[in-house]
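Throw the hints in and build the complete structure from the sequences for me.
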Amino acid sequence: MSAEELAEAKDYGRKGLACDLADRSIDVAYLALAALVLARPIDAWLETWPLLAGFWSLRLAALFLIVIGLHMVVSFPLSFYSGHVLEHRYGLSRQTFSAWLWRYAKRNALGVAFGLAMFLGLFWVIWLTGPYWWLVGAGVFFLVSVVMGRLVPVLILPLFYTIEKLDQPELARRIARLAEGTGLSIEGVYRMALSEETVKANAMLAGLGRTRRVLLGDTLLEGFDPEEIEVIFAHEIGHHVFRHIRKLIAAGIVLSAAGFWICDRLIAAWVIRGEGHLDYAALPVYTLPMVILILTVFTTLVEPLQNAINRRF
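All residue numbers for the sequence shown refer to the working numbering, where the first residue is 28 and numbers rise by one.
You may find that some hints are simply not true.
As the list claims (entries may be wrong) - Simulated crosslink set (SDA-like; lysine to any residue; CA at most 20 Å straight-line): (1) K42 / S102; (2) K192 / V179; (3) K274 / L170; (4) K227 / G118; (5) K42 / K133; (6) K274 / R338; (7) K227 / R204; (8) K192 / D252; (9) K37 / L119; (10) K274 / L332; (11) K227 / P185; (12) K133 / L170; (13) K227 / S102; (14) K227 / F124; (15) K227 / Y117; (16) K192 / S212; (17) K192 / V174; (18) K192 / I256; (19) K227 / R239; (20) K227 / I190; (21) K42 / K227.
It is worth saying that the hints were derived from the structure and are not from the lab.
Next comes the structure, spelled out in structure tokens:
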């Protein structure tokens, strides 16, 4: 990179970091407002609806959709700036506004659906298992991580990108040769159409078990020669050889158990202070935003540790 290119890359990185920190600050401030001010009145209003009053799961789902919907409205301007304006300013995006908006809506719809299922499941774990829910929750988190690891390359990524078998036999042979003797089983090598939205080059080793595959961005294939791509894939194989994925999953189980335990203690103290007692089988629906807030803050605080581990790997 030239001195000018390096300076531009650093400037882009600084602005991206500023947007990320601002986004996290908005998340925490909004969730604190939702948990401490909005949750009880909204839950009380939802309880006036006959259908929702008798079905806690439906009321929980309605509260989740309201809280997350308001959050999307609050955070949209920053999302637009960081995801569209900033990317175009540095010549990294090829998306029109309508294409970006469609991708943004699709990504958030998927995130809302997944989040709704996860928090409904989490509250059912709390209602059914009582004071040991945090331990059960960590185990469920592990199972979900494994299932999602298998499904992402075959169900989730194709919703956003055109993915097809790589039609470059020589490059495929290079990749297969690199994987020999490592114990790495690869279902196939695929071309992923990143150029529809960006000029950034990327590659990944995605999936688990029978769905494990190599995904090479078309921006990478068109902008780098086979030797460079081979080195990039060697980096991915290195993660497998040194069992980094297993170690990260193990660390994730420990951190999720710790996060759920801290959440349990804080929620218990908060509910007892307001209600005078805590019945896990009847944990109030209005605690949902507080649960999301606690887990969000915990995730933010432990992320530097996770980043340090990732950099070490």
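To see whether the hints hold, each was checked on the structure:
1. K42 / S102: Within the cut-off at roughly 17 Å; holds.
2. K192 / V179: 17 Å, holds
3. K274 / L170: OK: K274 and L170 at ~15 Å, within 20 Å.
4. K227 / G118: At roughly 10 Å apart (the allowed maximum being 20 Å), G118 and K227 satisfy the hint.
5. K42 / K133: Violated: K42 and K133 sit about 25 Å apart, past 20 Å.
6. K274 / R338: Judged against 20 Å, a Cα distance of about 14 Å means the pair holds.
7. K227 / R204: Measuring from Cα to Cα gives roughly 26 Å; hence the hint is violated.
8. K192 / D252: Roughly 19 Å between the alpha carbons, so the hint for K192 and D252 holds.
9. K37 / L119: 14 Å, holds
10. K274 / L332: Status holds; Cα separation ~14 Å.
11. K227 / P185: 18 Å, holds
12. K133 / L170: 25 Å, violated
13. K227 / S102: 25 Å, violated
14. K227 / F124: Holds, because 18 Å separates the two Cα atoms, which is no more than 20 Å.
15. K227 / Y117: 11 Å, holds
16. K192 / S212: 17 Å, holds
17. K192 / V174: 23 Å, violated
18. K192 / I256: Holds - the C-alpha atoms of I256 and K192 are around 16 Å apart, at most 20 Å.
19. K227 / R239: 23 Å, violated
20. K227 / I190: Holds - the C-alpha atoms of I190 and K227 are around 17 Å apart, at most 20 Å.
21. K42 / K227: This hinted pair holds, its Cα atoms lying about 17 Å apart.
The structure shown violates the earlier hints numbered 5, 7, 12, 13, 17, 19.
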